[in-house]
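With the first letter of the sequence shown counted as 1, position 428 gets the number 428 in this note's numbering; the numbers rise by one all the way through.
Because the hints were derived from the structure by calculation, they are not lab data.
These figures come from a predicted structure and were not determined experimentally.
Heads up, a few of these hints could be off.
[To be verified] Quick list of in silico lysine to any residue cross-link-like pairs, SDA-like style, CA-CA up to 20 Å:
id, residue 1, residue 2
1, Lys178, Lys120
2, Lys192, Glu152
3, Lys398, Ala455
4, Lys379, Asp338
5, Lys178, Gly217
6, Lys192, Ala223
7, Lys120, Glu58
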Amino acid sequence: MLPFRPILTAGLRLMDFVVPDFTAVRILVAGDVMLDRYWFGATRRISPEAPVPVVHVEEAEERPGGAGNVALNLALLGARATVVGVTGEDPAADALNAALTEFGVRCRLTRLPELHTITKLRVLSRRQQLLRIDFEADARAASPHFAAIFGEEIPANDIVILSDYAKGALAEAPALIKAARAAGRRVVVDPKGADFARYRGATAMTPNLAEFEAVAGGCETEADIAAKGERLRAHLDLEALIVTRGEAGMTLIEADRPPLHLPTHAREVADVTGAGDTVIALLAAGLAAGSSFAEATALANLGAGVVVGKLGAAGVTPSELHRAVHEHRQTTGDGVLDEDALIDAVRQARARGERIVMTNGCFDILHPGHVAYLRAARKLGDRLIVAVNDDASVSRLKGKDRPINTLDDRMAMLAALDMVDWVAPFSEDTPARLIGRVLPDVLVKGGDYRPEDIAGYDVVTANGGEVRVVEFVAGHSTTALLDAMRKR
1 MLPFRPILTA GLRLMDFVVP DFTAVRILVA GDVMLDRYWF GATRRISPEA PVPVVHVEEA
61 EERPGGAGNV ALNLALLGAR ATVVGVTGED PAADALNAAL TEFGVRCRLT RLPELHTITK
121 LRVLSRRQQL LRIDFEADAR AASPHFAAIF GEEIPANDIV ILSDYAKGAL AEAPALIKAA
181 RAAGRRVVVD PKGADFARYR GATAMTPNLA EFEAVAGGCE TEADIAAKGE RLRAHLDLEA
241 LIVTRGEAGM TLIEADRPPL HLPTHAREVA DVTGAGDTVI ALLAAGLAAG SSFAEATALA
301 NLGAGVVVGK LGAAGVTPSE LHRAVHEHRQ TTGDGVLDED ALIDAVRQAR ARGERIVMTN
361 GCFDILHPGH VAYLRAARKL GDRLIVAVND DASVSRLKGK DRPINTLDDR MAMLAALDMV
421 DWVAPFSEDT PARLIGRVLP DVLVKGGDYR PEDIAGYDVV TANGGEVRVV EFVAGHSTTA
481 LLDAMRKR
């Protein structure tokens, strides 16, 4: 599986990458579980008792929080998640257990009558958080029970997440890491506090920038983060260190590799609550599904950009990730693929049951007729591929004064269209050979062709596909545009 390919242009860009299939992934989440309560209501006046707004509560929600939210994120991705945690013997524990099992999370919760389940109550109005009330508990007393259950669950899982919120469930983190590593399982840690030495020997760690600087020292530049991060990574014997940097994105630091700085993909920030849970869930799920650290971090970065647009602790679904990947390609031009990358992307799309549509052309001057024709083609399937004649083949077909725009410019324009998924070049006069490699489910051509006269008709129909002709919009053509410009 190759979720994306890096290419070098003005620097390292993440080429086309797709969302892995997480359904066969088994992940053990251990840490501080809690219940997040939300009260929503309108504020229309200030209290006469104190200068605070009066909230008329109209709606209430309960969601898993902490390590529970990490497990919920995994379940939303389609992964099989087991969560080990500590709660009280109270209604909050019942609500937490019910919320997790509803989404298919397997719960191994140690319930102690002397504890209160950790609960965070947030009061919100008009999508703004006005107040948070925490009901705390110290889970360290449950460490022996916690460790025993953790050990039982390691063999059945592919990877382990330690979600530390400093509430005591992970008081014996070094022993838990040692047990998981001895069993051959990778361990990804979301740390808490200034004592990172307790996570030594884990596979990877995902501190936010404030947590990182509290241990490694202040950082004014990305170079500072990279240098201090590498020293910390080596000191803790980690394979990778991922520093989440809020609106600045993420930085991945791996042994013997240059640092990878990824910009944020958040369009609108509604609430950063739980974003770190989404990051570690996607990172671990990606690694368990066969992705590299760079691939898994890039996907986690995209997922975090989605989840901060939601209110409260939330997760991200595969469909939302697919949409984020598609939008990423549109804004960066990463929908432009070489031929081998295109074949990889098509193979993975087919594995997800997607219907592939393909068309081709010179697209020398993009005009409304092209847009209408491509939009009609996209409606025939789930993915639209546009094969584009290179500059030499355009000259052979259209004359030595063509193309007007270079191949790179033509492909970049096409990749920016919302209906186009992938754009790839070909050098022959017809795309028949490339079509024979792709073997689309639907081959589309614009104009007044007969289907059987279209290049690729024979191989597509022999493979069980269909060939369709879409009419061009009258009054729009590249030739007409050029003639008009010459006359002027």
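A quick look at each hint next to the structure:
Taken as a hint, the lysine 178 and lysine 120 pair is broken in the structure, with Cα atoms around 31 Å apart against an allowance of 20 Å. A distance of roughly 25 Å separates the Cα atoms of lysine 192 and glutamate 152; the hinted pair therefore is violated under the 20 Å criterion. For the proposed pair lysine 398 and alanine 455, the alpha carbon gap of about 18 Å is at most 20 Å, so the pair holds. Proximity of lysine 379 to aspartate 338 is assessed by CA-CA distance (about 24 Å); at most 20 Å being required, the pair is judged violated.
Of the supplied pair hints, the one linking lysine 178 and glycine 217 is violated, its CA atoms being roughly 28 Å apart against a limit of 20 Å. About 24 Å separates the Cα atoms of lysine 192 and alanine 223, which puts this hinted pair outside 20 Å; it is violated. Distance restraint check for lysine 120 and glutamate 58: the Cα-Cα separation of roughly 18 Å lies within the 20 Å cut-off, and the hinted pair is therefore satisfied.
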